[in-house]
Amino acid sequence: MKARMILASASLAVPLLIGAGRPSYAANTAAPTLPVATGQAASLTVEFAPVAANPPAPRMGDRLAFTSSIRNTGATPVEGLIAWLSLVQVDRGHEQPVDLEDWSAHKAIAVASLAPGAAVTTNWPMRLIQAGHYRVVVSAVTRAGVALTPSRFVDFTVAPKPVVESGRVLPVALGVPALLVGGLLLRRRRS
Amino acid sequence: MNPALRIARKEAGELVLGVRGQIWLAVTTAVLSGFSLLLVGSKELSLLDNAQVVYDMAGLVTALGALLAVIAGIDAIGGERERGSLLPLLLAPVPRGSILAGKLGGPVAAWGLMLALAAPYFWAVGSTGQNLVSGMVALLVLGTPVVLGFGFLGVALGAWMQSGRTALSVALTGLVLSASPLLLGPSLRQSAIGRIFDAVNPFSAALNGFDAVIIDSQGAITQAGHAAVAVAWLALTAWAAAAAMRRVSR
Amino acid sequence: MSLIEIDHLKLSIGDAPVLRDISLEVAPGEVVGLLGPNGAGKTTTIAAALGLLRPQGGTVRLMGGDPWTGGAALRRHVGVLPDPNGFYDWMTAPDYLAFFADLHSATNDATVIARRMDRVGLAPRRGQLIGTFSRGMRQRLGLARALIGDPHLLALDEPTNGLDPRGRREMHDLLLDLAEQGVGILLCSHILDDVERLCSRVCIIDGGRTVAQGALADLLAAQNSEMRFRLELAGPLPQDGAVAAHVRILHHAAGYAIVDVDAHVTPPEAWRELFFLGWPIVAIAPEGGGLEALYLALTGGTAPASPEMERAA
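Residue numbers (the working numbering), protein chains in the order written: chain Y, 41 to 231; chain Z, 515 to 764; chain B, 171 to 483.
FYI, nobody ran anything at the bench for these hints, they're computed from the structure.
Virtual Cβ for every residue (Gly too), placed ideally from N, Cα, C.
Hints may contain errors.
[Stated by the list, open to error] For each label pair, taking beta carbons as the anchor points, the in silico distance ranges come out as:
1) S763/Z with L466/B: 28 to 34 angstroms
2) S683/Z with E141/Y: 37 to 43 angstroms
3) S705/Z with T113/Y: 18 to 24 angstroms
4) G548/Z with A145/Y: 31 to 37 angstroms
Just chain Y, same shape as in the assembly (with noise of 0.2 angstroms):
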């Protein structure tokens, strides 16, 4: 599975690692209580947050959804705009950007234009692939932008289910090919 993750921009990774400074990776499933955070760039803000049908103790296998909102602050439009969804992960010691490949096939948008004041939603779904503590973020530019706009991030925690399981593998593994030479044997003996 690592071996199959593809490095994100590491521009996103670090900010979002710096923070993994914090003490604990409770999972953060709930609205957001605190002020929404807004970007450095001057024209647009972006919301995201996971939806409320969420399960709140989610194991791999299951799905999650965020939702997003970008809007236009300026008084002109913003143009070209890109917005794209990160997620890393944060387990101490196996801290690494991961790859959405296999975890969401909506990675990204783009908007041709966005008027001033006018807002894009979106909704972005996830299938959890590995266990482990993930902190996920949007973000987004746009043509004549010099720097990147990012949401809040997200942080979740997905538990490991056993997807190998050897009590099953074994017995199988071993007892085909012993039923299947004990019966050639048995047969060659009668004739």
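Assemble chains Z and B onto chain Y, guided by the hints.
Coordinates of chains Z and B only, in the frame set by chain Y:
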């Protein structure tokens, strides 16, 4: 009893009861067991890896099934001709079409046995993962025409070529070429030549279908295009086998 | 109606002409020998007669129909013993015969199968796998397979291959018995002794052409070929002075006699005459001349090798 069914029963019996067939069954279980045992120690496999395992196993079973089918097909005509047992069959009061249909009994039985043998392995490695049942359905729907097509190909080559060894060499070369997507990485398959090859290669059709159903969780019904390629392969090889059988004289 | 009727048959395999002008006929109840050097086209002739190969000229009739277009139905009452003769070694003989009985739509009842095996002397081998059979047993099994479906026509290629002397005699007796019952037999053999004992007519081919066809005695007479034999004797010849009408004694010593048999009679008729006269004959062997001389004269001088010699080569 219908002569085709009678011949098919004989072919299937030879596969199961003959020494060659028994060895092949043992080899198949050894390969599947080896593959499964590799996974036992890795408890940290992610859900995706589990799907990858099921996908890889589906590809492996299809490749083994195609190999067994093409060998059984070559032996059904070419091997029997070399052993001198084909001529009495040709001289029996049975139409050539019935003989051909009956000869497919070997590859059909081989594939049926492969699926039966593989079922517990799929359950063992994939029952706690994703898309196991739909994956096995995809294996049945897509893998069957691909494997039986190789069976027909074996019959055609065994009938055309005087030497069973030559027929086997040609068949194995074709099988390795067709199964090369199993070995090539996705990036190589994205080249222009790779895409053309992927579009016409029955093995690729099966693998792409397995990928879509097992890993990407697409519905089996959406794989009609891949199924069409596999069925076209089956039809083409069936025609070749029928044409070759008409020319067999001893 | 002839069982096999071949008239001026022409057949090529690829671009190579194999049969140029073959004519052959087998009627019910007669045993016809098909002789010729290696590569003369004997096997190809049989294949064409049975519908395995399509001729380019002439006519071929099998059981009154065209074997190429008539399909499998015409072969329902045809039994074939090809050479080489392969089997499914993983089967037992009863299973093998039952398989072919099913294909011939004949009964595969265990009692009937057992009777067939008994007829060819394989009853003691009922439970053994064919893979353990000797060559002679395989030949017997092949004959049993050929007799499934109660054939009206038998096409046999080297039927005594691998049989010991007793087996050969049993095979001869069986074939003569079948001919008496009306079965037509096309016998392809390099063993001229078998041909002389069994065949009432022969067809000799060379280079893809029929060079001689007809009653053996007539052919020998036409070639002005006498038949000379060495007779091993268990005692002295009868002293009553009776003379065999068709046998001329060339030489007589203690224990054997060299005789010429008239070309107008068959050897079996001559032996019946001598037995009636009281000759104590225990063995009979050709002593030059006869069918071998006829064969050599018609086929360019090379005597047919025995199957064993061919395989050794």
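What are the numbers of the hints the structure violates, in ascending order?
3
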